[in-house]
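**Student:** If you're matching them up, the sequences are chains A and B in order. Counting in this note's numbering, the first sequence runs from 1 upward without gaps. Counting in this note's numbering, the second sequence runs from 1 upward without gaps.
Simulated from the structure, these hints should not be mistaken for lab results. For every residue, glycine included, the Cβ atom is placed at its ideal position computed from N, Cα and C. Among the hints, erroneous ones may be present.
Simulated crosslink set (EDC-like; lysine to aspartate or glutamate; CA at most 20 Å straight-line) [as the list claims (entries may be wrong)]:
| # | chain 1 | residue 1 | chain 2 | residue 2 |
| --- | --- | --- | --- | --- |
| 1 | B | 458 | B | 116 |
| 2 | A | 54 | A | 157 |
| 3 | B | 546 | A | 108 |
| 4 | A | 55 | B | 248 |
| 5 | A | 55 | B | 327 |
| 6 | A | 117 | B | 327 |
| 7 | A | 54 | B | 327 |
| 8 | A | 114 | B | 248 |
| 9 | A | 125 | B | 327 |
| 10 | B | 548 | A | 108 |
| 11 | A | 54 | B | 44 |
Partner residues are not named here, just some residues of chain B that face chain A (Cβ under 7 Å, in silico) [claimed, not checked]:
| # | residue |
| --- | --- |
| 12 | 240 |
| 13 | 325 |
| 14 | 540 |
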Amino acid sequence: MNLLVCGVGGQGVLLFSDILAQLALTAGLDVKKSEVHGMAQRGGSVTSHIRWGKKIHSPLIEEGTADIIVAFELLEAVRYLHFLAPAGWLIYDPLTIAPLPVQLGLVEQIAPQKLVKRIQNRIQKSLSVRAFDTACTLGNPRVQNTVMLGAVSRLLEFPDDLYCQTIKQLVKPQFVEANILAFRRGQELNPISR
Amino acid sequence: MNRALLTGDEAVARGAWEAGCRFAAAYPGTPSTEILESLATYPDVYCEWSVNEKVALEAAIGASLAGARSLAVMKHVGLNVAADPLFSAAYIGVRGGLVIVTADDPGMHSSQNEQDNRFYGLMAKIPVLCPADSQEAKDFIKAAYIISEQFDIPVLLRLTTRIAHSASVVGLEDRTETAPPNYEKQLQKTVLLPAFARLRHRELVLRLDRLQAFTEKTPLNRIEWGNPELGIVCDGVAYQYAREVFPDASFLKLGMVYPFPAELVRQFAGRVRQLAVIEEVDPFIELQVRALGLTVTGKDTLPRTGELTPAIIRAAFGQQSSEHKAEIDLPNRPPALCPGCPHLGLFYALQRQNIIIGGDIGCYTLGALSPHNALDTCIDMGASITFAHGVDKVLANQDPRSRIAVIGDSTFFHSGITGLLNVVYNQSNVITIIADNRTTGMTGHQDHPGTGRTLMGKETVAIDLEQFCRACGINEVVRVDPYLIKETRNTIRRLLNIKKPAVIISQRSCALISARPGAPKKVDAETCSGCRSCLALGCPALSFEKEKAFIISTACIGCGMCAEICPKGAIL
Numbered sequence: 001m002n003l004l005v006c007g008v009g010g011q012g013v014l015l016f017s018d019i020l021a022q023l024a025l026t027a028g029l030d031v032k033k034s035e036v037h038g039m040a041q042r043g044g045s046v047t048s049h050i051r052w053g054k055k056i057h058s059p060l061i062e063e064g065t066a067d068i069i070v071a072f073e074l075l076e077a078v079r080y081l082h083f084l085a086p087a088g089w090l091i092y093d094p095l096t097i098a099p100l101p102v103q104l105g106l107v108e109q110i111a112p113q114k115l116v117k118r119i120q121n122r123i124q125k126s127l128s129v130r131a132f133d134t135a136c137t138l139g140n141p142r143v144q145n146t147v148m149l150g151a152v153s154r155l156l157e158f159p160d161d162l163y164c165q166t167i168k169q170l171v172k173p174q175f176v177e178a179n180i181l182a183f184r185r186g187q188e189l190n191p192i193s194r
Numbered sequence: 001m002n003r004a005l006l007t008g009d010e011a012v013a014r015g016a017w018e019a020g021c022r023f024a025a026a027y028p029g030t031p032s033t034e035i036l037e038s039l040a041t042y043p044d045v046y047c048e049w050s051v052n053e054k055v056a057l058e059a060a061i062g063a064s065l066a067g068a069r070s071l072a073v074m075k076h077v078g079l080n081v082a083a084d085p086l087f088s089a090a091y092i093g094v095r096g097g098l099v100i101v102t103a104d105d106p107g108m109h110s111s112q113n114e115q116d117n118r119f120y121g122l123m124a125k126i127p128v129l130c131p132a133d134s135q136e137a138k139d140f141i142k143a144a145y146i147i148s149e150q151f152d153i154p155v156l157l158r159l160t161t162r163i164a165h166s167a168s169v170v171g172l173e174d175r176t177e178t179a180p181p182n183y184e185k186q187l188q189k190t191v192l193l194p195a196f197a198r199l200r201h202r203e204l205v206l207r208l209d210r211l212q213a214f215t216e217k218t219p220l221n222r223i224e225w226g227n228p229e230l231g232i233v234c235d236g237v238a239y240q241y242a243r244e245v246f247p248d249a250s251f252l253k254l255g256m257v258y259p260f261p262a263e264l265v266r267q268f269a270g271r272v273r274q275l276a277v278i279e280e281v282d283p284f285i286e287l288q289v290r291a292l293g294l295t296v297t298g299k300d301t302l303p304r305t306g307e308l309t310p311a312i313i314r315a316a317f318g319q320q321s322s323e324h325k326a327e328i329d330l331p332n333r334p335p336a337l338c339p340g341c342p343h344l345g346l347f348y349a350l351q352r353q354n355i356i357i358g359g360d361i362g363c364y365t366l367g368a369l370s371p372h373n374a375l376d377t378c379i380d381m382g383a384s385i386t387f388a389h390g391v392d393k394v395l396a397n398q399d400p401r402s403r404i405a406v407i408g409d410s411t412f413f414h415s416g417i418t419g420l421l422n423v424v425y426n427q428s429n430v431i432t433i434i435a436d437n438r439t440t441g442m443t444g445h446q447d448h449p450g451t452g453r454t455l456m457g458k459e460t461v462a463i464d465l466e467q468f469c470r471a472c473g474i475n476e477v478v479r480v481d482p483y484l485i486k487e488t489r490n491t492i493r494r495l496l497n498i499k500k501p502a503v504i505i506s507q508r509s510c511a512l513i514s515a516r517p518g519a520p521k522k523v524d525a526e527t528c529s530g531c532r533s534c535l536a537l538g539c540p541a542l543s544f545e546k547e548k549a550f551i552i553s554t555a556c557i558g559c560g561m562c563a564e565i566c567p568k569g570a571i572l
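Work out the full structure, taking the sequences as your base and the hints as a guide.
**Tutor:** Shown next, in the form of structure tokens:
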């Protein structure tokens, strides 16, 4: 399984990928996960590559071979579309966060409808999941990532209790309940099952 | 056996701990920072942030000569700083094993160059090990201690960003305790006077000969036979990519790239039809293969810059390259200073003044970019002050522009101090601005001599920058709060006119560690004239919508800098 996660610094991309990678390890698989961090990344583009299976060599997913792309933001979804395999799924939050050059008026923003069109023109299997909005209705924008995890879980082969167990393992105790609730809500947002 | 998902950095820490390491010193630098952060959580290892890499390595040499297994950790450019003791350490050798970790950054995710530190092994005459995943990172550091003690030599463990920051599965073992430290005087070994050093150099060459025999036999280098049509020699993460692209080929996977296992390579080359070297950045392995007189494919097809990927290897070897092209017209998301970052106020105060500004290494290097355009250089740690000094000495009589240096607090302690002393001693009119955000910001908030706390969480002396600069001989030392932009600018203007060395300490905590200074600001749309002058602050919380300024309330920390610069008073 090749799963690529992308979003904007601060959205919880890294915790999302930590949870999935740990889950695959607990399930007894070989796992590799790769991400890059360094210079001030608040508001920067963040990606994480996660691969699991019997034996994994490269920690990087090759272009055109991701089984699933999970995008926490619309522009980032389009930015990484070329990683998706022809039969792969894109799960994306239609949320838009303007990059700094756009905010400063140096570069023009592309209208969200146009970005969605590009997604639909280029790939067959995509699903828009309002994870951020849902997290806000749950009273905590920071659980956007576990809402997304719930939505993605419907496409993966792991049992439900493994998700909850891993959330308990990796999330601070005082936030576990909110994250499990968000996870459940995320599952309801995804009408696709494998 | 317990299995855990560890990054290469975490695995290095685990390996050092399991090997009974007792002393570890480092200066934080991406991608190596997490090694000491992780190691400091284990018991029975003394860990410190040294003030720079030279200090870290010299201290580790001390601990080793006192009989303890020791570790010195740095990013690739950090080893340049520590190169002086590195070459001597090879002559002296060790008592407790000494391992030096260098974390190279191909692709320059967060660095000023992408040098290949395997060459340090060749030049300093010390063994170099290159792990290809986290399990190897852990295993190799344990092997490195054994080699170090067996051959009386420091060992270089070379990671790359893709190894340091990617996580893979690691089997966990217990710590093996080592003999307690004890010091023994060994004059001819440890005092590198010319007469002794000549002997030690000869001795080093003998040790290298013994290591040559070792590298031919060690399981760190292994052959994986597949189809003999194509034989690939590789190391590090390049091995993983190559395995992915050529699942059927034969591989000679090098874990020890120096001394180079020449006989093993000859044997391997003799049994494959086509020989290729796949390695990142520089042709380190390839040069040594060519020196054996073998015909080989390498950098004639593979790129000499940037990280490799499976797709790049595929394309280089003429396999069908991917048609998967990225969309090119999307707006980029470049790294930016954080909302409420105190550097924003400092850079705003420096904008549009006719000055030459030496920059340095840290988050604040971003001040070179739009909208600030407030730095002229980024060279290496500490070079802001020395650059400005050199410029001042040759332009003193012909260019009226003032010479300024901007340097962070951690960088100042690392290697700005000596530059400042040089300014005072050799008398140039450089104004040094210490952008003091009370932490090492760029690498994720490590402590330093100004913070009053050590890596292991102990309270310690907090160096007072103002007193320190005065003690260096600077008479004009002024402290400003960069959140007070006008005052900061006035101070800078005043000092630009005094024509003698001065220091401005621009002091305000990093926006990510301080409590929010205020409630999020709002724009009064009635009063806002749409002049866009607030955007010159470069704050990511400030945006523009429908010809009016707009503040993203979830991003704004209420520092008030934008309110101060708004000419209409429209930000409240």
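**Student:** Are the hints correct? Go through all of them and say.
**Tutor:** Now for the hints, and whether the structure bears them out:
1. Between the alpha carbons of residue 458(B) and residue 116(B) the distance comes to roughly 36 Å, so the proposed pair goes past 20 Å and is violated.
2. A C-alpha spacing of about 14 Å is found between residue 54(A) and residue 157(A), which places the hinted pair at or below 20 Å, so the restraint holds.
3. A distance of roughly 14 Å separates the Cα atoms of residue 546(B) and residue 108(A); the hinted pair therefore holds under the 20 Å criterion.
4. The straight-line distance between the Cα atoms of residue 55(A) and residue 248(B) is roughly 15 Å, inside the 20 Å bound, and the hint therefore holds.
5. For the proposed pair residue 55(A) and residue 327(B), the alpha carbon gap of about 32 Å is over 20 Å, so the pair is violated.
6. For the suggested pair residue 117(A) and residue 327(B), the alpha carbons sit about 13 Å apart, so the restraint of at most 20 Å is met.
7. With a C-alpha separation of about 33 Å, the suggested pair residue 54(A) and residue 327(B) falls outside the 20 Å cut-off, and the hint is violated.
8. Pair hint residue 114(A) plus residue 248(B) does not hold up; C-alpha atoms about 44 Å apart against a cutoff of 20 Å.
9. Of the pairs offered as hints, the one joining residue 125(A) and residue 327(B) holds, with about 18 Å between alpha carbons and a cut-off of 20 Å not exceeded.
10. Restraint check: the Cα-Cα separation between residue 548(B) and residue 108(A) comes to about 16 Å, which is no more than 20 Å; the hinted pair holds.
11. For a cut-off of 20 Å, the pair hint linking residue 54(A) to residue 44(B) is broken: about 36 Å separates their Cα positions.
12. The beta carbon of residue 240(B) comes within 4 Å of a beta carbon in chain A, closer than 7 Å, and the hint placing it at the interface holds.
13. For residue 325(B), the suggested interface contact is upheld, since its CB lies about 6 Å from the closest CB of chain A, less than 7 Å.
14. Of the supplied interface hints, the one on residue 540(B) holds, with its beta-carbon coming within about 5 Å of a beta-carbon of chain A, less than 7 Å.
Checked against the numbered hints above, the structure violates hints 1, 5, 7, 8, 11; every other hint is satisfied.
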